[in-house]
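Given the sequences, and given the hints that come with them, work out the whole structure.
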Amino acid sequence: MTVLYSVLPFLGMLVALIVAHELGHYFTAKIFGVKVLEAGLGYPPRIWGFEWRGTIYSINWLPLGGFVRLLGEEDPSDPESLAAQPAWKRLIVLAAGSGMNLVLPVLLFALAFMIPRDVPLGPAVIQVVEPGSPAAQAGLQPGDQIKELEGREVKNTADAGRIIRLNMGKTIDFKVVRSATGGGEQVLDLPVKARWDPPSNQGPTGIRIANLAATIPQCTTFTNPPPECKPAERQSYNPLKALGKGWTSTWDSLTLARNQIIAVFHGGPGPDVAGPVGIAQATGEVVKESGWQTLLDFAALLSINLAIINVLPLPMLDGGRMAFVILEVIRGGRRIAPEKEAIVHLIGLALIITMAVIVTYFDILRIIGGGSLFE
Numbered sequence: 037m038t039v040l041y042s043v044l045p046f047l048g049m050l051v052a053l054i055v056a057h058e059l060g061h062y063f064t065a066k067i068f069g070v071k072v073l074e075a076g077l078g079y080p081p082r083i084w085g086f087e088w089r090g091t092i093y094s095i096n097w098l099p100l101g102g103f104v105r106l107l108g109e110e111d112p113s114d115p116e117s118l119a120a121q122p123a124w125k126r127l128i129v130l131a132a133g134s135g136m137n138l139v140l141p142v143l144l145f146a147l148a149f150m151i152p153r154d155v156p157l158g159p160a161v162i163q164v165v166e167p168g169s170p171a172a173q174a175g176l177q178p179g180d181q182i183k184e185l186e187g188r189e190v191k192n193t194a195d196a197g198r199i200i201r202l203n204m205g206k207t208i209d210f211k212v213v214r215s216a217t218g219g220g221e222q223v224l225d226l227p228v229k230a231r232w233d234p235p236s237n238q239g240p241t242g243i244r245i246a247n248l249a250a251t252i253p254q255c256t257t258f259t260n261p262p263p264e265c266k267p268a269e270r271q272s273y274n275p276l277k278a279l280g281k282g283w284t285s286t287w288d289s290l291t292l293a294r295n296q297i298i299a300v301f302h303g304g305p306g307p308d309v310a311g312p313v314g315i316a317q318a319t320g321e322v323v324k325e326s327g328w329q330t331l332l333d334f335a336a337l338l339s340i341n342l343a344i345i346n347v348l349p350l351p352m353l354d355g356g357r358m359a360f361v362i363l364e365v366i367r368g369g370r371r372i373a374p375e376k377e378a379i380v381h382l383i384g385l386a387l388i389i390t391m392a393v394i395v396t397y398f399d400i401l402r403i404i405g406g407g408s409l410f411e
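Quick note: the sequence shown uses our numbering, first residue 37, plus one each step.
Because the hints were derived from the structure by calculation, they are not lab data. Keep in mind that a hint or two might mislead.
When the alpha-carbon atoms are kept at most 30 Å apart in a straight line, the in silico DSBU-like pairs for lysine-lysine are as follows [said to hold, decoys possible]:
1) K229 - K191
2) K229 - K183
3) K281 - K206
Restraint-style ranges between C-beta atoms, simulated for each label pair [as the list claims (entries may be wrong)]:
4) Q163 - P99: 45 to 53 Å
5) I92 - K376: 27 to 35 Å
6) N274 - L363: 42 to 50 Å
7) G369 - I83: 36 to 44 Å
8) L290 - L363: 22 to 30 Å
9) R105 - A386: 19 to 27 Å
A virtual CB, placed ideally from N, CA and C, is assigned to each residue, including glycine.
Structure (structure tokens):
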């Protein structure tokens, strides 16, 4: 069962993300006339392959993704080599892999939105307002129902939490409904600051929220529960609307990733780090607990993370190679000697392998201890 829930889904997801990444390099190289020596599924040794129009297309034994091998990535002597191309073309070819890893999530999110799923119903109700927090200073009270945040409709607690995290460091416009004294309701617009580094267990604004059903006593009994006690409803979208929501989800995910990085510099907690073992464990948990549909969301988030990591200016990654091209432009077209660049990438590879071993070690310790990446 471990193979069914963890290993196979993880391998399938990994192959899809890496193949999409390599296709970005492949297509832009072809467009710009760079000779593609080989495009392979999996990693060598080779099982089978054929040559077509100067490119070897191969299937290989290690099913951990794929690769594209270009002519002359560092040697400009051949006019069809990558190194012989103008700097702007090389930058596009190098960045295209991450670009594809940003296009793929739009499609994965869209596909997930097309599949019927149970969506928790709201509205989100404030249960606790921490004394002295931005929410308390703004006048929010327990029992307030959150209708909108920054003009975006809040349908449940997940919406509320996500919109707050999207606006870290900003003053968020809370539109809430409050029961008025003597009956009736009043609608209030209250500005609340979302803190980068809040006290432990307070959250950015200092509130704790729950869906409305969790705050109604009748909802926890079987005696005439009111209509608002319905915990969830099944939702799905047509392809066009799903594509729009896929784009929004991708953009929101990029914003959340940016905010998490910024929060670190404000003293907040750093992002969780996992290696292949940890990601495989998390994949199994997603499949077992939430089903294959949620796996699409998980794969989309991993693809976004892969895109971000690959454009970082780290040796051996696409971003590191892009940094050398940008440095060449700054130096007026004078390139760093290929031998020196190769040494930098070699050192980078050693550091990446070392980091992978360390992260994997802690992943294994966490699994042995019964821990989870989502804790």
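How the hints compare with the structure:
no. : hint                    : in the structure
1   : K229 - K191             : holds (21 Å)
2   : K229 - K183             : holds (17 Å)
3   : K281 - K206             : holds (24 Å)
4   : Q163 - P99: 45 to 53 Å  : holds (48 Å)
5   : I92 - K376: 27 to 35 Å  : holds (30 Å)
6   : N274 - L363: 42 to 50 Å : holds (48 Å)
7   : G369 - I83: 36 to 44 Å  : holds (43 Å)
8   : L290 - L363: 22 to 30 Å : holds (26 Å)
9   : R105 - A386: 19 to 27 Å : holds (22 Å)
In the structure shown, no violation is registered for any of the earlier numbered hints.
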